[in-house]
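Those protein sequences? They're chains A and B, same order as listed. Residue 68 in numbering that gives the first Met the number 0 sits at position 69 of the first sequence, and the numbers go up by one each step. Residue 202 in numbering that gives the first Met the number 0 sits at position 203 of the second sequence, and the numbers go up by one each step.
For the record, the hints were derived by calculation from the structure and aren't laboratory data. All of these numbers come straight from a predicted model, not from anything done at the bench. Every residue, glycine too, gets a C-beta built ideally from N, C-alpha and C. Keep in mind that a hint or two might mislead.
So these bits of chain B aren't anywhere near chain A, every CB distance computed over 12 Å [as the list claims (entries may be wrong)]:
hint, residue
1, His24
2, Gly55
3, Ile86
4, Leu123
5, Ser150
6, Leu181
7, Val189
8, Val275
9, Val278
Derived lysine to any residue pairs resembling SDA-like cross-links, with alpha carbons at most 25 Å apart [to be verified]:
hint, chain 1, residue 1, chain 2, residue 2
10, A, Lys112, B, Pro108
11, B, Lys7, B, Ile217
12, A, Lys135, B, Leu274
13, B, Lys273, B, Ile217
14, B, Lys273, A, Lys113
15, A, Lys135, B, Leu181
16, B, Lys194, A, Gly128
17, A, Lys135, A, Thr174
18, B, Lys147, B, Leu192
19, A, Lys135, A, Arg159
20, A, Lys113, B, Leu192
21, A, Lys136, B, Lys194
22, B, Lys273, B, Pro108
Cβ pair distances, simulated, as ranges [stated by the list, open to error]:
hint, chain 1, residue 1, chain 2, residue 2, range
23, B, Lys7, A, His44, 57 to 63 Å
24, A, His44, B, Leu271, 57 to 63 Å
25, A, Gly168, B, Ala8, 44 to 50 Å
26, B, Asn124, A, Gln131, 45 to 51 Å
27, B, Asn124, A, Thr234, 39 to 45 Å
28, B, Gly96, A, Thr177, 36 to 42 Å
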Amino acid sequence: MSEHFLTVEGLGKSYPPAGGKASPPVFRDIHFHIEQGEFVCIIGHSGCGKTTILNVMAGLERPSEGNVIMEGREVVAPSLDRGVVFQGHALMPWMSVLGNVAFAVKSRWPDWKKAQVEAHCARYLEMVGLGQALHKKPSELSGGMKQRVGIARAFAIQPRMLLLDEPFGALDALTRGTIQDELLGIVQATRQTVFMITHDVDEAILLADKVLLMSNGPLARIAEIVQVTMPRDRTRNTMHHDPQYYRIRNHLVDFLVNRSRDYAGAAADARHPPVVRPGLADGPEAAIPEPASGRPAARAVHS
Amino acid sequence: MPRKEALKAALLSLILFAVFLGAWHIATLPKESTMAAAQDAEYAALMGKGAEAKGGFPPPAQVGKAFVAYLSEPFYDRGPNDKGIGIQLAHSLGRVGLGFLLAVLVAVPVGFTIGMSPLLFRALNPFIQVLKPISPLAWMPLALYTLKDSSVSGIFVIFICSIWPMLINTAFGVASVRREWLNVARTLEVRPLRKAFLVVLPAAAPTVVTGMRISMGIAWLVIVAAEMLVGGTGIGYFVWNEWNNLALPNVIFAITMIGVVGMALDLVFARLQKLVTYVD
Numbered sequence: 000m001s002e003h004f005l006t007v008e009g010l011g012k013s014y015p016p017a018g019g020k021a022s023p024p025v026f027r028d029i030h031f032h033i034e035q036g037e038f039v040c041i042i043g044h045s046g047c048g049k050t051t052i053l054n055v056m057a058g059l060e061r062p063s064e065g066n067v068i069m070e071g072r073e074v075v076a077p078s079l080d081r082g083v084v085f086q087g088h089a090l091m092p093w094m095s096v097l098g099n100v101a102f103a104v105k106s107r108w109p110d111w112k113k114a115q116v117e118a119h120c121a122r123y124l125e126m127v128g129l130g131q132a133l134h135k136k137p138s139e140l141s142g143g144m145k146q147r148v149g150i151a152r153a154f155a156i157q158p159r160m161l162l163l164d165e166p167f168g169a170l171d172a173l174t175r176g177t178i179q180d181e182l183l184g185i186v187q188a189t190r191q192t193v194f195m196i197t198h199d200v201d202e203a204i205l206l207a208d209k210v211l212l213m214s215n216g217p218l219a220r221i222a223e224i225v226q227v228t229m230p231r232d233r234t235r236n237t238m239h240h241d242p243q244y245y246r247i248r249n250h251l252v253d254f255l256v257n258r259s260r261d262y263a264g265a266a267a268d269a270r271h272p273p274v275v276r277p278g279l280a281d282g283p284e285a286a287i288p289e290p291a292s293g294r295p296a297a298r299a300v301h302s
Numbered sequence: 000m001p002r003k004e005a006l007k008a009a010l011l012s013l014i015l016f017a018v019f020l021g022a023w024h025i026a027t028l029p030k031e032s033t034m035a036a037a038q039d040a041e042y043a044a045l046m047g048k049g050a051e052a053k054g055g056f057p058p059p060a061q062v063g064k065a066f067v068a069y070l071s072e073p074f075y076d077r078g079p080n081d082k083g084i085g086i087q088l089a090h091s092l093g094r095v096g097l098g099f100l101l102a103v104l105v106a107v108p109v110g111f112t113i114g115m116s117p118l119l120f121r122a123l124n125p126f127i128q129v130l131k132p133i134s135p136l137a138w139m140p141l142a143l144y145t146l147k148d149s150s151v152s153g154i155f156v157i158f159i160c161s162i163w164p165m166l167i168n169t170a171f172g173v174a175s176v177r178r179e180w181l182n183v184a185r186t187l188e189v190r191p192l193r194k195a196f197l198v199v200l201p202a203a204a205p206t207v208v209t210g211m212r213i214s215m216g217i218a219w220l221v222i223v224a225a226e227m228l229v230g231g232t233g234i235g236y237f238v239w240n241e242w243n244n245l246a247l248p249n250v251i252f253a254i255t256m257i258g259v260v261g262m263a264l265d266l267v268f269a270r271l272q273k274l275v276t277y278v279d
């Protein structure tokens with residue numbers, strides 16, 4: 000098991016009973032793994048515990064059962080090896096944009112000289128298109144720009160892994176698209192390992208190598224692992240020309256709309272959730288014509 | 000536009016002040032009863048300058064004279080009972096400053112600690128709740144007995160009255176620092192001391208300074224009363240001394256000075272508050 004970059008084993012979380020009634024665990028028996036350089040998205044309805052899973056992976060929260068192992072070591076506390084981009088940008092409003100990133104960089108490399116820190120920060124802020132706003136306060140920035148600072152801060156410490164908690168959730172569609180493109184470019188260039196929560200099916204298809212589908216809580220679990228089989232150099236503008244795109248998209252939407260609630264508490268092999276490749280499949284999506292090349296149809300395979 | 004508004008407001012303030020002075024002047028015009036004049040002249044000779052106020056409430060012109068007299072020579076010193084207003088205010092400000100500073104040194108670290116630890120907060124809360132509503136002057140006998148010095152006792156009373164608002168505000172400000180900022184610090188493995196100074200303190204600073212502002216307001220209220228009690232020097236003693244002299248114009252002058260200095264102190268903290276406030 001431990002040959003994976005990161006392994007999540009039997010994770011479960013239940014909260015102490017409120018008002019005398021013991022509530023069932025929010026999720027239980029969560030197993031999955033992430034390889035180095037992989038981009039993994041997790042999708043599920045609100046309340047299935049996605050953020051809790053991410054917090055456990057970050058070391059910010061302790062699970063009720065199970066554990067997370069990264070590079071052979073159990074995650075018990077937060078670490079600079081795992082950069083987190085929070086749902087609300089979580090910038091310190093009394094620091095400038097540069098100051099926010101520098102705070103992180105100085106935490107990572109306490110011995111660096113001031114000039115070195117600033118140059119490093121400026122490089123990462125330029126990467127997210129904020130080279131002109133170094134000395135502004137977060138309150139002077141738009142929502143999208145704040146989120147970019149958060150992303151630059153997480154990237155600047157060069158973590159072994161990035162954890163993104165619905166980073167674009169609060170942004171308008173246009174801004175979201177632009178930042179998705181930037182994130183895609185950075186991730187493709189750095190081969191960063193990323194785990195990301197999202198509600199946006201298109202975002203998942205654009206960015207992810209595989210998408211974990213979570214059933215509804217309580218007793219949520221990983222219902223399916225969808226591999227995004229489209230070539231890695233996909234872009235937002237051309238992605239929808241790939242015939243795989245609609246098959247994957249239909250599969251994900253179908254899951255969210257129709258199937259996610261049927262899984263709740265259902266008994267299945269939690270250790271090995273089915274891995275599906277709807278992009279290549281001729282299963283329920285067979286109505287969409289296969290591309291002329293006619294790839295071999297792959298049905299659900301078990302890892 | 001807002002500038003014009005400010006000008007209008009200032010003009011209105013001036014008019015109100017003039018009306019007030021006018022009403023005061025009319026209300027204190029000398030009455031037609033001069034029958035006891037001869038007797039009063041002798042009494043006046045006995046009483047010296049203070050007896051000028053004998054005719055009742057002093058008219059504005061007389062108070063104005065007191066203003067001019069004291070402000071033209073604020074730092075003279077002719078013995079223990081006759082010092083310039085500048086010296087008296089300096090004594091009061093010194094006591095307030097020292098007592099307040101001591102209170103800051105205790106209240107901010109303690110508030111910080113109990114703000115970080117809910118357990119300690121709960122443990123100390125009953126004591127704070129009981130001690131807070133005690134009038135600072137009620138401590139005076141205990142202070143005089145244990146400290147055996149009236150001036151030090153005054154400082155202690157300032158200390159004890161300014162500690163509570165700062166303590167409570169600091170604890171509250173520290174306890175309500177946003178979770179996400181603390182989580183950022185945790186994921187960056189920031190050391191506790193660095194976290195305290197770079198994250199928690201700036202985040203709580205507006206609340207802490209608000210506590211300081213309240214404390215300073217209370218301290219300035221209390222010092223006058225405390226100095227009336229312990230005597231010797233200070234603006235409170237000055238008021239009491241002039242009352243004993245029946246020199247009401249001087250009392251009115253001193254009251255005005257207390258107000259002006261109090262306002263100045265408040266302005267300083269308002270400025271400080273503006274400095275540490277952040278827009279989220």
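To see whether the hints hold, each was checked on the structure:
Listed as a non-interface residue, His24(B) keeps its Cβ farther than 12 Å from every Cβ of chain A; the least gap is roughly 52 Å. For Gly55(B), the condition that its CB be more than 12 Å from all CB atoms of chain A holds, with the nearest at approximately 57 Å. For Ile86(B), the condition that its CB be more than 12 Å from all CB atoms of chain A holds, with the nearest at approximately 41 Å. Consistency note on Leu123(B): stated as away from chain A, and its beta-carbon is indeed over 12 Å from all of that chain's, at 27 Å minimum.
Every CB of chain A is more than 12 Å from the CB of Ser150(B) (nearest about 40 Å), matching its label as outside the interface. Annotated as non-interface, Leu181(B) brings its C-beta within 12 Å of a C-beta of chain A; the closest such distance is 10 Å. Annotated as non-interface, Val189(B) brings its C-beta within 12 Å of a C-beta of chain A; the closest such distance is 5 Å. Remark: the non-interface label on Val275(B) conflicts with the geometry, its nearest Cβ contact in chain A lying 8 Å away (cut-off 12 Å).
Residue-level check failed: Val278(B) sits 4 Å from the nearest beta carbon of chain A, not beyond 12 Å. Distance hint between Lys112(A) and Pro108(B) is unfulfilled; the C-alpha atoms sit about 31 Å from each other, more than 25 Å. For the proposed pair Lys7(B) and Ile217(B), the alpha carbon gap of about 32 Å is over 25 Å, so the pair is violated. Only pairs whose Cα atoms come within 25 Å are accepted, and Lys135(A) paired with Leu274(B) is accepted, the gap being roughly 16 Å.
Taking the CA atoms of Lys273(B) and Ile217(B), the gap is near 20 Å; set against the 25 Å cutoff, the hint holds. With a C-alpha separation of about 28 Å, the suggested pair Lys273(B) and Lys113(A) falls outside the 25 Å cut-off, and the hint is violated. Distance restraint check for Lys135(A) and Leu181(B): the Cα-Cα separation of roughly 22 Å lies within the 25 Å cut-off, and the hinted pair is therefore satisfied. This hinted pair does not check out: Lys194(B) and Gly128(A) have alpha carbons roughly 29 Å apart, beyond 25 Å.
Restraint check for Lys135(A) and Thr174(A): the C-alpha separation of about 19 Å stays at or below 25 Å, so the hint holds. For the hint pairing Lys147(B) with Leu192(B), the CA-to-CA distance comes to about 40 Å; that exceeds 25 Å, so the pair is violated. For the proposed pair Lys135(A) and Arg159(A), the alpha carbon gap of about 29 Å is over 25 Å, so the pair is violated. For a cut-off of 25 Å, the pair hint linking Lys113(A) to Leu192(B) stands: about 20 Å separates their Cα positions.
For the given pair, Lys136(A) sits about 20 Å from Lys194(B) by alpha-carbon distance, which is consistent with the 25 Å threshold. Among the hinted pairs, Lys273(B) with Pro108(B) is consistent with the structure: their alpha-carbon atoms are about 22 Å apart, no more than 25 Å. Between Lys7(B) and His44(A) the beta carbons are some 59 Å apart, a value that agrees with the proposed interval 57 to 63 Å. The given range of 57 to 63 Å is broken by His44(A) and Leu271(B), whose C-beta atoms sit roughly 48 Å from each other.
Range check, Gly168(A) to Ala8(B): about 46 Å between beta-carbon atoms, so the 44 to 50 Å window is met. Distance hint check: the CB atoms of Asn124(B) and Gln131(A) are about 49 Å apart, consistent with the given range 45 to 51 Å. About 59 Å separates the C-beta atoms of Asn124(B) and Thr234(A), a value inconsistent with the hinted range of 39 to 45 Å. Separated by about 55 Å at the C-beta atoms, Gly96(B) and Thr177(A) break the suggested range of 36 to 42 Å.
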